[in-house]
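There are 2 protein chains.
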Amino acid sequence: MKRPNPIERMINSFKQLPSVGPKMAERLSYFILKAHGSFVDELIDSIKNARKQIHVCSRCYNLTEVDPCSICSDEKREKSLLCVVETPQDLLSISNVKNYNGLYFVLGGALSPLDGIGPDDLRVRELINRIKNDRIGEVIIATDADSKGETTALFLSEQIKPLNVRVTRLGYGLPVGGDLEYADEVTLTRAIESRKEM
Amino acid sequence: MKRPNPIERMINSFKQLPSVGPKMAERLSYFILKAHGSFVDELIDSIKNARKQIHVCSRCYNLTEVDPCSICSDEKREKSLLCVVETPQDLLSISNVKNYNGLYFVLGGALSPLDGIGPDDLRVRELINRIKNDRIGEVIIATDADSKGETTALFLSEQIKPLNVRVTRLGYGLPVGGDLEYADEVTLTRAIESRKEM
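Residue numbers (numbering that gives the first Met the number 0), protein chains in the order written: chain A, 0 to 197; chain B, 0 to 197.
It is worth saying that the hints were derived from the structure and are not from the lab. Incorrect hints may have been included.
Put simply, identical chains are the same to the list, so a pair is met inside one copy or across any two.
What the hints assert, rightly or not - Straight-line C-alpha distance at most 27 Å; calculated DSSO-like pairs for lysine-lysine:
1) LYS78 / LYS22
2) LYS160 / LYS131
3) LYS97 / LYS22
4) LYS1 / LYS47
5) LYS14 / LYS47
6) LYS33 / LYS1
7) LYS33 / LYS47
8) LYS160 / LYS14
9) LYS78 / LYS160
Just chain A, same shape as in the assembly:
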């Protein structure tokens, strides 16, 4: 016997989500079929609402409901200090560190030649322009502590140094090989304190 087409189609959709394999997609689909209508409505509505309400900040490329985002429009922040992160999730982690009061820039990922991700796939040009136009005095490169993040950090520092800007990298309070998104606050605080000239 074959599975009814509508179930097969839903399983195929779920399979395309990250970290969802065929068995997991099946489990999710049968759960959806058994679930209360109100749960399914809320799931769909929360997805639609987020897609509608969430925008990319035109200054830092963070995800936000208002443009520019609340960080970029915060007058109390140190405007000459720019922290470069890979993703909005990474920005969120650093924003919980109390001793950082500068601005941010979301690069959109890390260099990864094997995956075909080069400088043009990231916001490198936008970053350089931002540094030039906004008289940034120091750029803290807060890419992940894995090999892609390291490669990206080296590449960025080579691009930024000719602009006569101080370039620093998060200190190795970070566990090597670790994903920035999962770092705890204390580790991140240490990492910012021990940032180094590149």
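Since chain A is already given, all that's left is putting chain B on it; use the hints.
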């Protein structure tokens, strides 16, 4: 900084799916925000379509587009033979076995006193009525081979036997293609008990 509310709301929805923890819910949500509109539309539409098109068969309680389902309305099947399974997924597995040509009954789960699941939470009454009304000659109990499935099988056989119906249980033994070295003791014990003349 807090995450924007629409993202938080979407994460909360995803967290309620089975096997999806907080980090996974976050990853799914950010994936959805970055994904192509066409993918998100297809995901939502496939969910809505499945919820609309898929019904529970009024005879066997399988999931189906038409009621009664294609198995129940198949005139060539052995109508006095009934295979009881826990879920529609289990039914699908057995339906691919070529030497079974009887009908099915989806119980809706297994007994699990610790989770508060008793006979009234399953389709026990419906099963007994079906056996009585449809002159079933043999019931094959194909619940899972775990403790809940075993408990359910024992309970059902006690309920069905007084109706003067033959009750059988799926045979236990080595999975075909399985390595003896890795088989557990209980399975091996059962395999020896159910050994056959060669």
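Hint-by-hint comparison with the structure:
| no. | hint | verdict |
| --- | --- | --- |
| 1 | LYS78 / LYS22 | neither (49 Å within a copy, 32 Å between copies) |
| 2 | LYS160 / LYS131 | within (12 Å within a copy, 84 Å between copies) |
| 3 | LYS97 / LYS22 | between (42 Å within a copy, 23 Å between copies) |
| 4 | LYS1 / LYS47 | between (32 Å within a copy, 21 Å between copies) |
| 5 | LYS14 / LYS47 | both (19 Å within a copy, 17 Å between copies) |
| 6 | LYS33 / LYS1 | within (19 Å within a copy, 33 Å between copies) |
| 7 | LYS33 / LYS47 | both (22 Å within a copy, 13 Å between copies) |
| 8 | LYS160 / LYS14 | neither (44 Å within a copy, 43 Å between copies) |
| 9 | LYS78 / LYS160 | within (19 Å within a copy, 80 Å between copies) |
Hints 1, 8 from the earlier list are contradicted by this structure; the remaining hints agree with it.
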